[in-house]
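Chemist: For reference, the chains in residue letters:
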Amino acid sequence: MHIPEGLIPAQQAAAWYVPAVSFVGVGLVGLKRRLVVKPELRPLIGLMGAFVFLISLIPLPVPGLGTVSHPCGTPMAAILLGPFTATVLGSVALFLQSLFFAHGGITSWGANVIAMAVGGSFSAYGVFRVSRRAGLGIGVAAGMAGLIGDLVTYGITSFQLALALHGDEAVLNVWGAAFASFLPTQVPLAIAEALFTAGVVVFIANQRAELLEGAVVRP
Amino acid sequence: MTAISRNSDGYAWGDSFLSRIDPRVKIAGFAGLLLVNLLGGSYLVSGVIAVAMALLMIAGRIPYRRQLLMISFPASFAIFTIISQTVFMGGEVFASLGPFDLHLQGLFNGLFISLRIIAGGLIVVVLGVTTPINRLCQALRWFKAPATFIEITQLTYRYLFDIHGEFSRMRDAQQVRLGWSSARAGLASSRLLGGSLFLRVYDRGLRSSEAMRCRGSGPVVNGALPRPGKLDILAGSGAAIFISALVMLAVGVAA
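Chains as they are written, first to last, in the working numbering: chain A, 1 to 219; chain B, 220 to 474.
Do not take every clue at face value.
Derived lysine to any residue pairs resembling SDA-like cross-links, with alpha carbons at most 20 Å apart [unchecked claim]: (1) Lys363(B) / Val21(A); (2) Lys38(A) / Val26(A); (3) Lys363(B) / Gly30(A); (4) Lys363(B) / Val18(A); (5) Lys38(A) / Gln357(B); (6) Lys363(B) / Val29(A); (7) Lys32(A) / Arg360(B); (8) Lys363(B) / Gly248(B); (9) Lys449(B) / Ala14(A); (10) Lys38(A) / Gly435(B); (11) Lys38(A) / Tyr421(B); (12) Lys38(A) / Asn353(B); (13) Lys38(A) / Ser428(B); (14) Lys38(A) / Leu359(B); (15) Lys38(A) / Arg426(B); (16) Lys38(A) / Gly248(B); (17) Lys32(A) / Gly248(B); (18) Lys38(A) / Leu425(B); (19) Lys32(A) / Lys449(B); (20) Lys32(A) / Phe461(B); (21) Lys38(A) / Ala366(B); (22) Lys363(B) / Leu211(A); (23) Lys38(A) / Lys449(B); (24) Lys449(B) / Phe461(B); (25) Lys363(B) / Lys38(A); (26) Lys363(B) / Ser22(A); (27) Lys449(B) / Ser22(A); (28) Lys38(A) / Arg423(B); (29) Lys38(A) / Cys433(B); (30) Lys32(A) / Ala364(B); (31) Lys38(A) / Arg446(B); (32) Lys32(A) / Ser428(B); (33) Lys38(A) / Phe461(B); (34) Lys38(A) / Arg434(B); (35) Lys363(B) / Ala14(A); (36) Lys32(A) / Ala366(B); (37) Lys363(B) / Asn353(B).
Rather than coming from a laboratory, the hints here were simulated on the basis of the structure.
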């Protein structure tokens with residue numbers, strides 16, 4: 001769920017742009033350094049961006065509602081590539097999706113980057129690392145990362161919507177109401193994203209374990 | 220997945236007057252419109268922008284099915300906005316729905332924000348549909364956007380279509396094997412699809428990298444945009460006059 005063009009007021013749109021540009025900027029600086037040292041990563045990063053874009057278009061059935069939704073993709077990207085690179089790829093995907101599908105927008109790009117690219121990537125990466133250090137298996141850790149990354153993304157989006165649309169109500173009340181209204185679809189979706197992320201990471205670990213060591217993909 | 224092909228910049232390469240306008244002029248004009256739409260603060264300003272964009276789409280002969288498809292997402296959000304504002308915004312209560320009071324001022328505010336969403340969505344749609352991605356990236360580079368961001372955007376766009384075919388083939392094969400016949404099967408198929416796609420993407424990336432290094436290829440961003448022509452000056456002047464009129468309209472409405 002991306003916030004569309006025109007929904008959030010100008011001041012808030014500008015305010016969300018500041019941290020978004022900061023995170024993407026740091027990610028770009030790191031990525032630029034990587035590409036200088038390892039230019040062979042260039043097409044790989046581009047392909048990963050396309051991969052994140054496509055993954056976020058895979059329809060997953062939402063049980064009981066007769067509809068489909070899609071994974072965020074950024075939790076898995078953060079596990080495989082690191083949170084800053086995943087943030088950059090998420091921001092590029094959001095930019096292209098706003099142009100191709102009118103999903104999201106240009107003035108709401110900052111808010112969407114904070115929710116999906118930054119929130120989804122960093123929370124998922126943090127959960128994955130902590131879970132691994134706690135001795136959990138790679139599948140469980142990836143699944144928890146997917147679950148938390150998805151819920152954090154929607155928690156932030158709900159907060160952004162509440163901030164923009166709270167009217168005369170307290171922001172926290174509207175936030176709670178907005179998040180609760182998304183729960184019927186979001187909890188199954190978060191579980192689906194957890195299973196999906198765990199499944200993909202375990203598949204990669206079984207097929208090509210060296211990719212998860214960080215030698216090439218996460219230098 | 221066909222939506223990607225439908226929404227790619229195939230139309231943008233056509234011989235429409237909208238496609239021929241210099242992307243720098245379009246970016247500057249549409250950025251101005253987006254700002255006026257956000258800051259205008261009235262039904263009138265957003266309404267005029269929405270009508271103008273709709274007329275541009277008709278004049279540019281953008282297929283109406285594409286227009287409807289692309290505007291469907293902002294439209295669905297507009298409905299959500301009307302409902303949330305009617306419930307949460309204060310003012311006169313005109314009806315009750317279970318535990319919720321429905322407020323008249325909220326309804327009007329929701330309608331206003333919805334109009335702003337539709338107008339903003341239409342601006343982005345016109346920009347996206349009529350500008351090839353490479354020219355858009357060249358123009359963004361001219362506006363001093365970070366080179367690495369532009370490069371990743373171009374590479375992502377390029378490889379999006381590179382792996383699109385592979386993705387579709389794998390998914391079609393899964394469908395033939397009833398891989399998406401139930402929620403459980405769909406989840407298993409999506410796991411397999413995601414993992415296989417990642418590995419193929421990785422291998423293809425390495426091969427592409429080797430090929431690029433052999434050719435001595437560097438960063439993708441290259442080539443300068445031509446000098447603006449008569450059409451660009453005309454379009455830029457028209458956009459400046461239109462935006463100025465909208466600003467005056469917004470100030471007039473506010474006063």
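Chemist: So, for every hint listed, does it hold in this structure?
Modeler: Hint-by-hint comparison with the structure:
no.	hint	result
1	Lys363(B) / Val21(A)	holds (14 Å)
2	Lys38(A) / Val26(A)	holds (18 Å)
3	Lys363(B) / Gly30(A)	holds (19 Å)
4	Lys363(B) / Val18(A)	holds (17 Å)
5	Lys38(A) / Gln357(B)	violated (25 Å)
6	Lys363(B) / Val29(A)	holds (15 Å)
7	Lys32(A) / Arg360(B)	holds (16 Å)
8	Lys363(B) / Gly248(B)	holds (17 Å)
9	Lys449(B) / Ala14(A)	violated (34 Å)
10	Lys38(A) / Gly435(B)	holds (14 Å)
11	Lys38(A) / Tyr421(B)	holds (15 Å)
12	Lys38(A) / Asn353(B)	violated (25 Å)
13	Lys38(A) / Ser428(B)	holds (10 Å)
14	Lys38(A) / Leu359(B)	violated (26 Å)
15	Lys38(A) / Arg426(B)	holds (15 Å)
16	Lys38(A) / Gly248(B)	violated (39 Å)
17	Lys32(A) / Gly248(B)	violated (31 Å)
18	Lys38(A) / Leu425(B)	holds (12 Å)
19	Lys32(A) / Lys449(B)	violated (38 Å)
20	Lys32(A) / Phe461(B)	violated (40 Å)
21	Lys38(A) / Ala366(B)	holds (17 Å)
22	Lys363(B) / Leu211(A)	violated (35 Å)
23	Lys38(A) / Lys449(B)	violated (45 Å)
24	Lys449(B) / Phe461(B)	holds (18 Å)
25	Lys363(B) / Lys38(A)	violated (25 Å)
26	Lys363(B) / Ser22(A)	holds (16 Å)
27	Lys449(B) / Ser22(A)	violated (39 Å)
28	Lys38(A) / Arg423(B)	holds (17 Å)
29	Lys38(A) / Cys433(B)	holds (15 Å)
30	Lys32(A) / Ala364(B)	holds (14 Å)
31	Lys38(A) / Arg446(B)	violated (36 Å)
32	Lys32(A) / Ser428(B)	holds (16 Å)
33	Lys38(A) / Phe461(B)	violated (48 Å)
34	Lys38(A) / Arg434(B)	holds (16 Å)
35	Lys363(B) / Ala14(A)	holds (19 Å)
36	Lys32(A) / Ala366(B)	holds (9 Å)
37	Lys363(B) / Asn353(B)	holds (15 Å)
When each numbered hint is compared with the structure, violations occur for hints 5, 9, 12, 14, 16, 17, 19, 20, 22, 23, 25, 27, 31, 33.
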